[in-house]
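The task is to assemble the complex, starting from two chains supplied on their own in separate frames and drawing on the hints.
Residue numbers (the working numbering), protein chains in the order written: chain A, 1 to 430; chain B, 1 to 349.
Hint data in this document are derived by calculation from the structure and do not stem from the laboratory. Built from N, CA and C at the ideal position, the CB exists for glycine as well.
To be clear about the criterion: a stretch of chain A counts as covered by chain B if any three or more of its residues have a C-beta under 8 Å from a C-beta of chain B, and this derived list gives those stretches:
(1) 238 to 250
(2) 278 to 292
(3) 297 to 309
With beta-carbon atoms standing in for the labels, derived distance ranges:
(4) B:Val271 with A:Arg331: 28 to 36 Å
(5) B:Ala242 with A:Ser225: 55 to 63 Å
(6) A:Gly382 with B:Ala242: 40 to 48 Å
(7) A:Gly240 with B:Ser221: 50 to 58 Å
(8) B:Ala242 with A:Glu380: 41 to 49 Å
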Amino acid sequence: MTTQFNAQVYQNAYLPEGSQEVNAIMTITTDSESDGQTGSRISGTSGTPRVFGVICDTSGSMEGVKIQSAKHAIAKVIELLPSDAYFFIVTGSSQATLLSGLTLATDSAKNTALAALRTVTANRSTAISTWLNLALQQFKLMPGAIAQALLLTDGQNDSSDLNALDKALNACENQFQCDCRGVGTEWRVSQLQTIARKLLGTADIIADASAMEDDFRAILGQAMSKQVSDIALRLWTPQGAKVLFCKQVSPEILDITNKAKAVSGQIADYPTGAWGNQESRDYHFCIQVNAGNVGDEMLAGRASLVYSQNGVETKVAETRILAIWTDDEVRSAKIDRTVAHYTGQAELAQVIHEGMEARAQGNFEVATAKLSKAVQLSDESGNEATMKLLRKVVDIEDAATGTIRIRREVRKEDEMALETRSTKTTRINR
Amino acid sequence: MKNCSACHEPVDVSDRFCETCGFLLIKDSSAMATFQALTEPIFPNCQKCDSINLEADGFCNQCGFRNPIHRDRFEQILQPGFAALSDRGIRHSQNEDCFAIAQLADGRSIIVVCDGVSSSMNPGMASQSASQSACESVQESLKANLDPEAALVQGIHQAQLAVAKLASISKGEPPSTTIVAAIISDCHSNLSNSDPSNSRISSVQVTIAWLGDSRAYWLGSTPETSCQLTQDHSWCEDVVAAGELSQEQAERSPQAHAITRWLGVDAEDVVPSLVTIDLAGPGRLVLCSDGLWNYASGVPEFYQALHHPPGTEAKVIVRQGVEFALRCGGQDNITIALLELQSKGPETS
Ligand SMILES: [Zn+2]
Ligand SMILES: [Zn+2]
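Chain B with its partners taken away, still in its complex shape (with noise of 0.2 Å):
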């Protein structure tokens, strides 16, 4: 018998889901180390009054005070290139966000992200719950040579069925999150025809599926070629893209930032936008939620704010991003993850 990682109830070994709250039950063993002790407290004693009496979910049985857990910052380093932080930041209790990053054997990388929706009920365990069954199923269905697009909606309707179990158990506004989502492929492209000097650059395949606002950025090693990759699901995006206002006069309204798409039982749309790029290395791929882009929304200031040398290890870069959203008064959870993708030339032949 052992215990739900996210409600503590028991469950059995056997089962996908959690019966009580329908959180997905991580059986990988290095992924379960890293995410079943997310909800326990860091330290034994209470940082406030220094009692041994902790409940399990931090909150101290003498003073009350809810010490801090894993989930307020957590991070997987997979590769010295791949790593994922997530930081409650300043103004929340509580972190709502969530990562999960996986490597296949064959070299190819699952990223994950999810920002819980502050005004749902539980929004901690919708991103959690959607971003371990979104990152679980598309590791399935690549081993199943499903196309990376396929996985990647087959992931997110996963990840909805999570989410939309969670509502069962938790009254009032229905639990819901944001998602995005990439896989990065190697592919070589060997197929150097014409221009010689082609013949040196190896690309790399990204697929991305979102909704809502958590973004994909692309940094290349300069400002010129980086990008962003995705296109948020608000309200500002949607007015501006039909024309009806202006990117300036969107952003002054108060629900500019109210997104219009997101995972949940509540949701009209879950149908995720999908994006395909073939990107030239050197440079990094991030997914992050709006705790860290909101103070560095443009392309040259995201650049900037996540600029290090190359052979900077990835946890150093999403430490110092973390760092910088903090700096910037944090208030929103914040989470980063980034992969580094190197410029593998072909094999000197």
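With the rest of the complex left out, here is chain A (with noise of 0.2 Å):
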């Protein structure tokens, strides 16, 4: 199988004398098929191994019909599972058990792990860099598979844990990724949020603990359709330039700036993770340069893909960020519609959170205004899903405008829901 890769940039490339800041938006899409096109395509071995590691909060918490759930779609993800994919379960409390080790996804391996799952119950307190940690030894039996996780868990971790759980996922980071869920309230989203976004994951909350089924559901139907892992975006940037920025802006915001790994003084790799075919992702570069003169045209930034295996490495798909200073302002004034529309998702995201984080703190003026921000901003780009999370928070009278009243009286989850998913953003009708 191979994975073909698309990339285009937008920006409007001219700049104001003195300017230095350049933006643009790549869009990567993936596609199988082999239409005889100039191909950007990268080869994974055919059939690229897939582990999919379970990790399941066991803590006395989660006992009643939190673990009854867990376990019951625990038990539809094994019997889902293709015949070609390899898995494991660790469940977690204070400390891992190893319930299923690594295995081939046959009928009778999942049997074995289906009837070990039958005896799981839930005592004790929550140490989830004990789950992480043993997960990771299981991702390690087979390097070079496509490594995928799911984390369910519905409490805070122990606050002894906590500097045990910032070495785990600095162990973990780039070995594999995790779609982390909470289930209930009673977790909290930052912490979630923290382990998702080092682990290329998503975080979420399953508020019902009826939903969990349908829901581990899609984040395996996700992890299967990978095709190629370890995809790293490289950014090359001429001398004296600095990244200001790289974020994945769709599906989902997430900073990967921090995670540049350099290659040499010009050049840096972000992880990007595992791609699936017929995905779909934009990126936001944010590039400081030195300012040019009048007429000078500078090549800002040139992004590409990155695969390599058995210490080949294949780049494709390479695009180019310009920057070229001008003295005609209509020309530079123009900020390119991809930019501007996820410029505004992000600062959508960062209301919601600052909205929130006011409002929690019963600051409600700073929250209002916060959150008649979000609701424009969410107006103005069509988002949609984000407005109906919002609406549970807020009483909206006019979106156009951002009237809005705060709600003081929000359901735990509403709140939860809204913090959690503020990241997703829309994409522009081009």
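Structural data, given as structure tokens:
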């Protein structure tokens, strides 16, 4: 199976005199079709093995309907695993247990795992670091595989485990990707987001335990669609330039600026994880360059995707980010609409975060101002999913002008849903 | 194996067009020498940071700056009286104009000037592809004894195909360009029937075809004997011709200079305007892009801008013409092609 990568850059290259900041959106799409087009393809060794790890919280707080639903949903995932995939199950409380070691998803292996799953009970406290470390051990048994995990928890990590969790996350980074789900409302949004962001995964709330099965099924579907892993976004910048940020902005905002690995003084690799066919993601680069004179043209960046396998590096889909200095104000004043759109989406996520924080601190004045801006921005950009979440936290009189009233009584899960999902962006209509 | 001079992808020596970008691959070695290197940097080291690590298209791999490439300013001199020069000007970062000139063994000359439309994708490639395709096609047609008008129509058709081919590899607004092309044939008017004084005057036949607002002018020995030979396909020209607005009113509109015909897949009307005139020398035929005529639109001003004493070499005149446009602001790319037509009376008999 080959995966064809296509990339396109959206930007207004024209800058006014003295300006140093270059913004560009790179849209990357994948395709499996071999239509004979000049290819930018990466061939994963046919059928790169996929490993799916299930990491499930079994601390005492899971007792009751939550653990029952989790066991039920995990059983469903095991049943659905394709027979050519590998899997393992880690259960965790104050320490981690390998419920089912890494194995090919044969019928008999599945049955053994299902039997083990039935014996699971919930007790003791929560030390997520131990769960992740055990999962990492399992993933390391199959280097080169497409390594993905699903982590389910319902509570906060023990405060005694915080340092250990940091260490575990550093060890796991770039080793496997992990989607994180919080069930109920006793877990901390920021904690789960930290884990997900570090491990290039998503974080979300499962307020109602009965929704778990569908969600797990979707996560497994996504994971099994991946064809190639460890794809890096390589960015060359001119000498003296500085990358102010590099963010994934679609399907959701993920700042990967600090994940850069220097290849040389002018080249850095940003991890993007595994890719499936027919995927599409957008990345926003903001590069500060040395200002040129009017009439100068500069290559402000060269972005490509890099895949290494057995020490052989393949570079595809190279695109250019330009800067052209002009004294034509009409040209330089124009902001590319794609750049403008994602700048707006990033601001939307930011004001929701700040607004909800202010609200939690009882500062309703600031919260109203921030959430009013959020309502305006989601209205403008047509981000209906976020608007729907906002409606549960504020009463909207007029979305266009951001005339809102903050609700004093809000369900905890609605608050948490808005916080976890505020980074989901819409795409621009091209 | 060689590489396409436009997109640098490898091309097969037997190909007529680049498979990747549709660029016309010139086989004639002298023309190739002129155009092959057009997109390459002029200097071996970066003019900003002195690095020698330059991309094939001039971008510096160290500091990122785009270095001057031959395409920024290129000149071709076929005869002391026949030369062309194209310059990127001051305000544009790239030269999106192009020209192609040629002279056949039988003495007929061909001039093509194209001005890529800035808002389209790859305008520079469009003008380069169009001018070269048209020029090559016209040469072939003339050698095959097509009459000049038919040869020009065929040439512009070929240019349209070349530009349309570029569209398949460019996203966004399809590449487009203006074109003005001329064939100059000597035709000694030895038919001195009634007026004996006419027998000493020879005339040349000039056939011109165009789409858009690149122009042809005839410069006689005085402003009075000079004239503009083409009429722009522009919004301004169209509404004035239709009697809807006066020249003055139309000029004031922001869309005055928007062109109404061009080459490209998105063009509605690719039927060129055609004109054939007999011109009596001595004089100079000039084809140019709007980067020049914008600063000297009327015939007297244009005459003034390019006036030089008889015997001045064509290369000197085109260089001075470009200098003139640069001094006026160089807001656009500037391209000038000039052919001097001598007064060649019949040999004393
Ligand atoms: Zn090519
Ligand atoms: Zn340099």
